[in-house]
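So the protein sequences, as listed, match chains A and B.
Residue numbering for the first sequence follows the numbering used here, starting at 1 and increasing by one per position.
Residue numbering for the second sequence follows the numbering used here, starting at 390 and increasing by one per position.
To be clear, the hints were calculated from the coordinates, so they are not data collected in a lab.
Note that the structure is a prediction, hence the values are computed from the model and not measured.
Errors might be hidden in some of the hints.
[Said to hold, decoys possible] Mimicking DSBU-like on lysine-lysine, the simulated pairs with C-alpha atoms at most 30 Å apart in a straight line are:
| hint | chain 1 | residue 1 | chain 2 | residue 2 |
| --- | --- | --- | --- | --- |
| 1 | B | K522 | B | K496 |
| 2 | A | K222 | A | K344 |
| 3 | B | K733 | A | K107 |
| 4 | A | K107 | A | K133 |
| 5 | B | K522 | A | K321 |
| 6 | B | K733 | A | K321 |
| 7 | A | K133 | B | K733 |
| 8 | A | K321 | B | K611 |
| 9 | B | K611 | B | K522 |
2 protein chains.
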Amino acid sequence: MATWFRYTLEAQDGEARAGVFTTPHGEIPLPAFAPVGTQATVKTLTPDELHMLDVSIILSNTYHLYLRPGADIIAELGGLHTFMGWDGPILTDSGGFQVFSLAHMRKLDEDGVTFRSHIDGSLHRFTPEVVIKTQELLGSDIIMPLDICPTPDDRREVEEAVRLTNRWAVRAREAHTREDQALFGIVQGGIFPDLRAQAAAFLVELDFPGYAIGGLSVGETKEQMYATLEDVVPLLPSDRPRYLMGVGTPEDILEAVARGVDLFDCVLPTRVARNGGLLTHEGRINIRNARFARDPQPIEPGCTCYTCQRFSRAYIRHLFKAGETLGLRLATIHNIHFMQQLMKGIRQSIREGRFHEFKEAFLARYRISDQEARHRNKEAYRARVRGHT
Amino acid sequence: MATWFRYTLEAQDGEARAGVFTTPHGEIPLPAFAPVGTQATVKTLTPDELHMLDVSIILSNTYHLYLRPGADIIAELGGLHTFMGWDGPILTDSGGFQVFSLAHMRKLDEDGVTFRSHIDGSLHRFTPEVVIKTQELLGSDIIMPLDICPTPDDRREVEEAVRLTNRWAVRAREAHTREDQALFGIVQGGIFPDLRAQAAAFLVELDFPGYAIGGLSVGETKEQMYATLEDVVPLLPSDRPRYLMGVGTPEDILEAVARGVDLFDCVLPTRVARNGGLLTHEGRINIRNARFARDPQPIEPGCTCYTCQRFSRAYIRHLFKAGETLGLRLATIHNIHFMQQLMKGIRQSIREGRFHEFKEAFLARYRISDQEARHRNKEAYRARVRGHT
Numbered sequence: 001m002a003t004w005f006r007y008t009l010e011a012q013d014g015e016a017r018a019g020v021f022t023t024p025h026g027e028i029p030l031p032a033f034a035p036v037g038t039q040a041t042v043k044t045l046t047p048d049e050l051h052m053l054d055v056s057i058i059l060s061n062t063y064h065l066y067l068r069p070g071a072d073i074i075a076e077l078g079g080l081h082t083f084m085g086w087d088g089p090i091l092t093d094s095g096g097f098q099v100f101s102l103a104h105m106r107k108l109d110e111d112g113v114t115f116r117s118h119i120d121g122s123l124h125r126f127t128p129e130v131v132i133k134t135q136e137l138l139g140s141d142i143i144m145p146l147d148i149c150p151t152p153d154d155r156r157e158v159e160e161a162v163r164l165t166n167r168w169a170v171r172a173r174e175a176h177t178r179e180d181q182a183l184f185g186i187v188q189g190g191i192f193p194d195l196r197a198q199a200a201a202f203l204v205e206l207d208f209p210g211y212a213i214g215g216l217s218v219g220e221t222k223e224q225m226y227a228t229l230e231d232v233v234p235l236l237p238s239d240r241p242r243y244l245m246g247v248g249t250p251e252d253i254l255e256a257v258a259r260g261v262d263l264f265d266c267v268l269p270t271r272v273a274r275n276g277g278l279l280t281h282e283g284r285i286n287i288r289n290a291r292f293a294r295d296p297q298p299i300e301p302g303c304t305c306y307t308c309q310r311f312s313r314a315y316i317r318h319l320f321k322a323g324e325t326l327g328l329r330l331a332t333i334h335n336i337h338f339m340q341q342l343m344k345g346i347r348q349s350i351r352e353g354r355f356h357e358f359k360e361a362f363l364a365r366y367r368i369s370d371q372e373a374r375h376r377n378k379e380a381y382r383a384r385v386r387g388h389t
Numbered sequence: 390m391a392t393w394f395r396y397t398l399e400a401q402d403g404e405a406r407a408g409v410f411t412t413p414h415g416e417i418p419l420p421a422f423a424p425v426g427t428q429a430t431v432k433t434l435t436p437d438e439l440h441m442l443d444v445s446i447i448l449s450n451t452y453h454l455y456l457r458p459g460a461d462i463i464a465e466l467g468g469l470h471t472f473m474g475w476d477g478p479i480l481t482d483s484g485g486f487q488v489f490s491l492a493h494m495r496k497l498d499e500d501g502v503t504f505r506s507h508i509d510g511s512l513h514r515f516t517p518e519v520v521i522k523t524q525e526l527l528g529s530d531i532i533m534p535l536d537i538c539p540t541p542d543d544r545r546e547v548e549e550a551v552r553l554t555n556r557w558a559v560r561a562r563e564a565h566t567r568e569d570q571a572l573f574g575i576v577q578g579g580i581f582p583d584l585r586a587q588a589a590a591f592l593v594e595l596d597f598p599g600y601a602i603g604g605l606s607v608g609e610t611k612e613q614m615y616a617t618l619e620d621v622v623p624l625l626p627s628d629r630p631r632y633l634m635g636v637g638t639p640e641d642i643l644e645a646v647a648r649g650v651d652l653f654d655c656v657l658p659t660r661v662a663r664n665g666g667l668l669t670h671e672g673r674i675n676i677r678n679a680r681f682a683r684d685p686q687p688i689e690p691g692c693t694c695y696t697c698q699r700f701s702r703a704y705i706r707h708l709f710k711a712g713e714t715l716g717l718r719l720a721t722i723h724n725i726h727f728m729q730q731l732m733k734g735i736r737q738s739i740r741e742g743r744f745h746e747f748k749e750a751f752l753a754r755y756r757i758s759d760q761e762a763r764h765r766n767k768e769a770y771r772a773r774v775r776g777h778t
């Protein structure tokens, strides 16, 4: 493991960290945002476009790939990188989250979980060992152990989730054989500081090359999420990357970076893009709006993305109104570019010791509507549940 | 006109001609195939990808753009080239074909046609003048007069179609004011040599900068289509491009080139791509077929298109099975590349005086299944009717 993976801290500004995580498929400058490629494709984009967008890591979904086309087929074709033509780092989740949110039936026991495919109803079983084996077949760079993501404020449920997740982490670690993959530990514990501490202590003892914080952005308030990060991050080793699963929006990423998080993934930027929701520094706009029908400006004046260099709001609106898939692609390109620029700005400001100013300046301009704020968690949760990018 | 458009014959081999048609947006090497971009986008592709594919001209649909977003909006935004970001030549059809096949109601009279939008049921009227004005607002390089496409073997219907099409051609010519657009004449006449001759004579007298052969590939047999071309092409001036509307398949293009046709458009290559139908030199394959599930080969070994350089049949099949739009794009890229390579091979073989050998070698290898042959006309017709690329 030591030869393949290395976390290097480059600069720290308060709790915010700039660094690099080295993987067999390249370096990931941190903090980083991973676009989601659920079914071995970041929807609408080619790998070349991801490179053009300076994407340094993508996430793909074990549950989906296990069911279709099957991890064995992907292995036979040379692994996930070769299969999808992406030569950069890949993180795969464990599939557990999708089993509990997508599968048609599920029966949890001490040893694993039995479920029916949401595609064809066929019966399957995930254990910590199956999930590791599946990810070894996929060949992703960062892999996740099977875990349980509970309702964050139900103490009984969270206690049980921590107990099982910790036990399964031990089994995952034992089952894992590929040295060119980093198996992260996942800290559960909902919004309860003592359970988070218990989980963190247990997993740190197991000495994982990186740590994920799970069970957030699933219905708790923003304040509860930020408070939990303040509790958990200090308990994690400073020489390992910290990954906040399923987050998130620009404002949540900024707040999490301020609390020491290094890595993020979320379907939101790509999913809202396909609904016409485009990120700008003033907030999100919907390109379907009639006011853009004759608007010759790019999505965001000054934006350097391919879409903004070439096309007007009026044209992109036309594509959406006419049901043309090129619109989905152009919107996806813009939103990923926006997220990548945000992460670049974050990294640079940390290195220059002005992260706080960067964050405040961004948030002062970025409008989170009341309605958006109310629906944020729900939307993020549903997006994750759907498992679509 | 003379300053903007020029047809140059470079080589002739039998009736087959290699040449160049010069337009305000660049030269079109002939024979050429125009991919269809119905709604101001060749579905799934950016203009940069069209350039990458050496596409020299695209077709867009006047009926669709008139209804959505509206020709006035496109004009306000700088015309169709600027609107869609394509700086190469554009040909627009008259919209007449779509009115008669797509619109919800249509009432034809001597002066024009009244119809209801297939999108929202709103009432509209196309006259020869409206159709020219619309295309002047769009700013396409090659424009078409309103015409009537009849059932090819119904003599009464065809007679009436020729009469109206010819009358409307006169009005279109009078209404047309932009010197940077070439208005072509459309020869109707179904499968009747005398009616074709009558139409051709009338239109040649009007001295158009190019001539379209309409009313073919709409239900007649292959033999009838080829015979009609043999009748019509010799009646057209040899110093003007000849455009066979809505054709076609590789075999029809080869046969038409052999009879002196220079320009083609058809939705088939792009539409079948989106159904998983991929063109190879052996014939069409469907990538959804189970036999490709573990196939590491490109769509066609040896193919130099982007898709074949990067992705396996297994991956493209997965994208189609998983409903991922990237699959539609990769398939579209391959099929357009195939058509462009075919046209390039045709042009080169004409220049080298071996077109006949090229054609025979291609057709000897290219399998047209019986079923495909039977459904060819029907499918091509439906594709045109749908007006989708």
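Right, here's what the structure says about each hint:
1. Distance check on the hinted pair: K522 of chain B and K496 of chain B sit about 21 Å apart at the alpha-carbon level, within 30 Å; holds.
2. For the proposed pair K222 of chain A and K344 of chain A, the alpha carbon gap of about 24 Å is at most 30 Å, so the pair holds.
3. Between K733 of chain B and K107 of chain A the alpha-carbon distance is near 60 Å, which puts this suggested pair outside the 30 Å criterion.
4. Of the supplied pair hints, the one linking K107 of chain A and K133 of chain A holds, its CA atoms being roughly 21 Å apart against a limit of 30 Å.
5. In summary, the hint linking K522 of chain B to K321 of chain A is supported, as the alpha carbons are separated by about 24 Å, within the 30 Å threshold.
6. The suggested pairing of K733 of chain B with K321 of chain A is violated, with an alpha-carbon distance near 36 Å, which exceeds 30 Å.
7. Restraint check for K133 of chain A and K733 of chain B: not satisfied, since their Cα atoms lie roughly 49 Å apart, outside the 30 Å limit.
8. Note on K321 of chain A and K611 of chain B: the hinted pairing is violated, with a Cα-Cα distance of about 38 Å set against a maximum of 30 Å.
9. Distance restraint check for K611 of chain B and K522 of chain B: the Cα-Cα separation of roughly 36 Å exceeds the 30 Å cut-off, and the hinted pair is therefore not satisfied.
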